[in-house]
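Spelled out from the first residue to the last, the chains are:
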Amino acid sequence: MPQLPRTATWHLPVADLETAPYWEATASGRLLIKHCDGCGRDFFYPRSHCPRCWSSSTSWKEASGSGVVYTFTIVRQNDLPPFKERLPYVVAIVELDEGVRLTSNIEGCAPEDVRCGMKVRVAFREEARDEGSIFLPVFRPA
Amino acid sequence: MSKDVAVLGAGMHPWGKWGRNFVEYGVHAARAALADAGVDWQDVQFIAGGETVRNGYAGYVAGSSIAQALGWSGARVATAYAACASGASAIDIARARILAGLCDVALVVGADTTPKGFLAPSGGTRTQDPDWLRFFLLGATNPTYFAFYARRRMELYGSTEKDWAAVKIKNARHGLSNPNARYRKEVTEEEILASAMVSEPLRLLNICTTSDGGAAVLLTSLEYARKKGISDPVKVSAVSTVTPRFPKTVIDLPDIATDSAAAAAPPELTFRDSIAAAAYEEADLGPEDLDLAEVYDLSTALELDWYENIGLCKEGEAERLIRDGDTTLGGRIPVNPSGGLACFGEAVPAQAIAQVCEVTWQLQGRAQGRQVEDANVGLTINQGLFGHGSSVILTK
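Same order as they appear, the protein sequences are chains H and F.
Sequential numbering of the first sequence, starting at 1167, is according to my numbering.
Sequential numbering of the second sequence, starting at 11, is according to my numbering.
Watch out, some of these pointers could steer you wrong.
In silico SDA-like cross-links for lysine to any residue, where the CA-CA straight-line distance does not exceed 20 Å [what the hints assert, rightly or not]:
1) K1250/H to L147/F
2) K1285/H to I1300/H
3) K1227/H to D1203/H
4) K258/F to E1273/H
5) K1250/H to M207/F
6) K1250/H to A206/F
7) K258/F to R1213/H
8) K1250/H to E1273/H
9) K1285/H to A267/F
10) K126/F to R1242/H
11) K258/F to G1206/H
12) K1250/H to P131/F
Restraint-style ranges between C-beta atoms, simulated for each label pair [to be verified]:
13) R1295/H to R30/F: 36 to 44 Å
14) R1306/H to R333/F: 35 to 43 Å
15) A45/F to S1214/H: 48 to 56 Å
If you are wondering where the hints come from, they were derived from the structure by calculation, not from laboratory data.
Just so it is clear, CB atoms sit at the ideal spot from N, CA and C, and this is done for glycine as well.
Start from the sequences and build out the full structure, keeping to the hints where you can.
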């Protein structure tokens, strides 16, 4: 990846009590989703209660990190920094083996080679800013 | 008790890139709607505004900003924000007050002044706002999401660029004679297929632009309309503003994550399906009753999704509808006779109201140059960010 410009307008997500374990895990190369101990369902994004049964008995669950591309686009126009310098790049919806879907980037292959249904595996891209850094889950061909 | 309210007047400020204060467009549209209804501003008991988030504090309180410009009158006021569904939310509030017997005459207005280019994230640094994160961490612009849906149509149903071009060509023709449309020019398949790739597979001419504009409707109780001597007004018979259901498995703008369908089957209807279904249920009508529809063609491919969402055809059959001319003026069920967002561009808080203006004029037989014959029932539908969406059914 090219070095990203450090701009005052582009900050990192701030971890709070609910999301700190998620960002701590990505920094150590693990992708977490939430599991409801009450009704047994997985859910995402992380929150402290189950959106289905409202149980507050929820736990973190390590995702396998593998999934498939559900849909994607090759972005060819975006004036917002730092993405203008990254063009073209791929934004995709990835469906994890656990069933949850997330919006992410596909890296590690030519944008033209991405396909729906393509098997992908999570990787973690460091995003460094003046205030520190985080590791963002992105996906690469499996 | 009837759940209907009357649309006594409709008015718009032409869409364009005028660069003036949004209040000016709102006032223009409001005065046009009042004149259309033959009702004085002093007789309006309630004004509802659609909020614009790109015009400072005056935009956050759009209802009162426009009321002040019209002249303080002591009317009650509210401002609604529901992203692209803001105008319909304002209509819903006005309708509820009328049906509750709290007022007889309500004015609903939406207006916007938009910056150049794609809609950018709204100002400020909000690192826990999904809308902010998708823009700044993932580079996911609005067209990115339109492209997600278009790619799914390609994968599932073999949708092609030529199908999407057919949508644009149709809407461009529909809008030719609409005095409020920003673009009134035919476009060819060659021009569309040669336009710049923005977010693959969508090109520039597949994506709607952003516009300035204003729209207003004057709603009244049926009794008030009768007293004015109007016994058969166009009526609002349903306003749907439903939210999604768990597990929501479709990623909608600006979602960056969604529930799993692995342990719980997704609802029978997708979110977009459910917006229309709730409107049909409320109006006690179905897709077979429609004479026309105004759907939110943020992209040409998205218009095809809406055909299925509102029940004009089964999933995967929308391409056949556009190819066969079913949704063209003169066809079985004309869609976007106004020209749609393809000819207007999006003026967010005004757009859902503009859809209602068009259907009103169609049902009144006043849509010159784009009239749907014998139009008695029309539906509008759109989807906004964060689980907002709306559908309005109008009847004669």
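Going through the hints against the structure:
Restraint check for K1250/H and L147/F: the C-alpha separation of about 13 Å stays at or below 20 Å, so the hint holds. The suggested pairing of K1285/H with I1300/H is violated, with an alpha-carbon distance near 25 Å, which exceeds 20 Å. Under the criterion of a C-alpha separation no larger than 20 Å, the hint pairing K1227/H with D1203/H is consistent with the structure, at around 11 Å. Restraint check: the Cα-Cα separation between K258/F and E1273/H comes to about 27 Å, which exceeds 20 Å; the hinted pair is violated.
For the hint linking K1250/H to M207/F, the alpha-carbon distance of about 15 Å falls within 20 Å, and the restraint holds. Of the supplied pair hints, the one linking K1250/H and A206/F holds, its CA atoms being roughly 16 Å apart against a limit of 20 Å. For the hint pairing K258/F with R1213/H, the CA-to-CA distance comes to about 15 Å; that is within 20 Å, so the pair holds. Between the alpha carbons of K1250/H and E1273/H the distance comes to roughly 16 Å, so the proposed pair stays at or under 20 Å and holds.
Proposed proximity of K1285/H and A267/F is supported: the alpha carbons are some 18 Å apart, at most 20 Å. Straight-line distance between C-alpha atoms of K126/F and R1242/H comes to about 18 Å, which keeps the hinted pair within the 20 Å bound. Between K258/F and G1206/H the alpha-carbon distance is near 17 Å, which keeps this suggested pair within the 20 Å criterion. Our distance criterion of 20 Å between C-alpha atoms is met by K1250/H and P131/F, whose separation comes to about 15 Å.
The supplied range of 36 to 44 Å is met by R1295/H and R30/F, whose beta-carbon atoms lie about 39 Å from each other. In this structure the supplied range 35 to 43 Å holds for R1306/H paired with R333/F, their Cβ-Cβ distance being about 39 Å. Take A45/F and S1214/H: their Cβ atoms lie about 54 Å apart, and the range 48 to 56 Å holds.
Violation of the numbered hints given earlier is confined to hints 2, 4; the remaining hints are satisfied by the structure.
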